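Protein sequence lines, in the order shown, are assigned to chains A and B. Residues 8 to 137 in this note's numbering are what the first sequence lists, from first letter to last. Residues 83 to 210 in this note's numbering are what the second sequence lists, from first letter to last.
Source of the hints: derived by calculation from the structure; they are not laboratory data. Hints should not be assumed to be uniformly reliable.
As the list claims (entries may be wrong) - Computed from the model, here is a short list of chain A residues facing chain B with C-beta under 10 Å:
{"no.": "1", "residue": "V47"}
{"no.": "2", "residue": "Y48"}
{"no.": "3", "residue": "V53"}
{"no.": "4", "residue": "G56"}
{"no.": "5", "residue": "H58"}
{"no.": "6", "residue": "A68"}
{"no.": "7", "residue": "P70"}
Please read these numbers as outputs of a predicted model, since none were measured by experiment. All residues carry an ideal CB built from backbone N, CA and C; glycine is no exception.
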Amino acid sequence: MPTRPLSPHLSVYKLKYTMLTSGLNRITGMGLSTGLVLLVYWLMAVAGGAHAQARAERLLALPMMKLVYAGYIVAACYHLVAGIRHLVWDTGRGLERAQSQRSAWLVVVVSLVLMLLVGYGAWLSMARAP
Amino acid sequence: MSLRTPMRRILGAGSAKQGVHHWWVQRLTAVALVPLSVWFAVSLLALPSFDHATVAAWIGQSWTALLLILLVLVATWHSRLGLQVVVEDYVPGPGARTTTLVLVDFAHALLAAAGVFAVLKVALGGAP
Numbered sequence: 008m009p010t011r012p013l014s015p016h017l018s019v020y021k022l023k024y025t026m027l028t029s030g031l032n033r034i035t036g037m038g039l040s041t042g043l044v045l046l047v048y049w050l051m052a053v054a055g056g057a058h059a060q061a062r063a064e065r066l067l068a069l070p071m072m073k074l075v076y077a078g079y080i081v082a083a084c085y086h087l088v089a090g091i092r093h094l095v096w097d098t099g100r101g102l103e104r105a106q107s108q109r110s111a112w113l114v115v116v117v118s119l120v121l122m123l124l125v126g127y128g129a130w131l132s133m134a135r136a137p
Numbered sequence: 083m084s085l086r087t088p089m090r091r092i093l094g095a096g097s098a099k100q101g102v103h104h105w106w107v108q109r110l111t112a113v114a115l116v117p118l119s120v121w122f123a124v125s126l127l128a129l130p131s132f133d134h135a136t137v138a139a140w141i142g143q144s145w146t147a148l149l150l151i152l153l154v155l156v157a158t159w160h161s162r163l164g165l166q167v168v169v170e171d172y173v174p175g176p177g178a179r180t181t182t183l184v185l186v187d188f189a190h191a192l193l194a195a196a197g198v199f200a201v202l203k204v205a206l207g208g209a210p
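If we strip away everything but chain A, and leave its shape as in the complex, we get (with noise of 0.2 Å):
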């Protein structure tokens, strides 16, 4: 750290939901670059044919993994959710304090949801093919 004086930051605002929601944007977008590696890994794998599948599925159907899975499922829906809250404000609507309370809440809500149908579908696909 530096020993001149820095200008106020983070740490003395007091913590709002608008903030939390975009904060949560980054770190849900930071996690989905990490399944970009998982999926090339899958597909590589693919790839490579019968054998070097089930090499890799060793590690993919791990049972931890559904819960990595479930991660992915989680941050996708937010960020798919809250990155379209980012593009409506890119056309100048929405910047109002009560319009970006009230989006904050929709993203959460719309994102839940969509979480839910998503976990659905994998349950699903799940019970078909374990």
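Got chain A sorted already, so can you dock chain B onto it with the hints?
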């Protein structure tokens, strides 16, 4: 030697339309990822099984291969731009920051190339 006049330099008017490039591509890829990610999630969950024959047959369909390649390219691009901003915000010191940015770039180039290569290999029948 700079061709800019001193007045232009003082006004900071030398970079018209370049400064917004990062911002614009981040939005462009975001918009493209909305339908691509929904398509990917729905098709993946609709697969009857994840064994090699089923997955390879799925990727072997022309539209699947095409959309998967687009997904890999657009998502890696979006991810690279996003992580760049995170690195610029939180990695202190120009040396560490530049090194991290180079690593982020190399990692994303590798992901994009590997993803496209894998999809093409399966789609063109190279993964029996």
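Checklist entry - Is the shortest C-beta separation between A:V53 and chain B less than 10 Å? => result Holds: closest Cβ of chain B sits about 5 Å from A:V53, inside 10 Å.
Checklist entry - Holds or violated: is there a CB of chain B closer than 10 Å to the CB of A:P70? => result violated (16 Å)
Item to check | Per-residue hint verdict: A:Y48, partner chain B, C-beta under 10 Å | outcome: Holds - the Cβ of A:Y48 comes within 10 Å of chain B, reaching about 9 Å at its closest.
Item to check | Closest C-beta approach of A:H58 to chain B relative to 10 Å, hint status | outcome: This interface hint holds because 9 Å falls under the 10 Å limit.
Next on the checklist: Is the interface hint satisfied for A:G56? The criterion is a beta-carbon contact with chain B at less than 10 Å.
Outcome noted: This hint holds: A:G56 lies near chain B, its Cβ roughly 5 Å from the closest one there, short of 10 Å.
Item to check | Restraint outcome when A:V47 is required to lie within 10 Å of chain B by C-beta distance | outcome: holds (4 Å)
Next on the checklist: Under 10 Å is the threshold here; is the Cβ of A:A68 close enough to any Cβ of chain B for the hint to stand?
Outcome noted: holds (9 Å)
The structure is inconsistent with hint 7 alone, although it conforms to all the rest.
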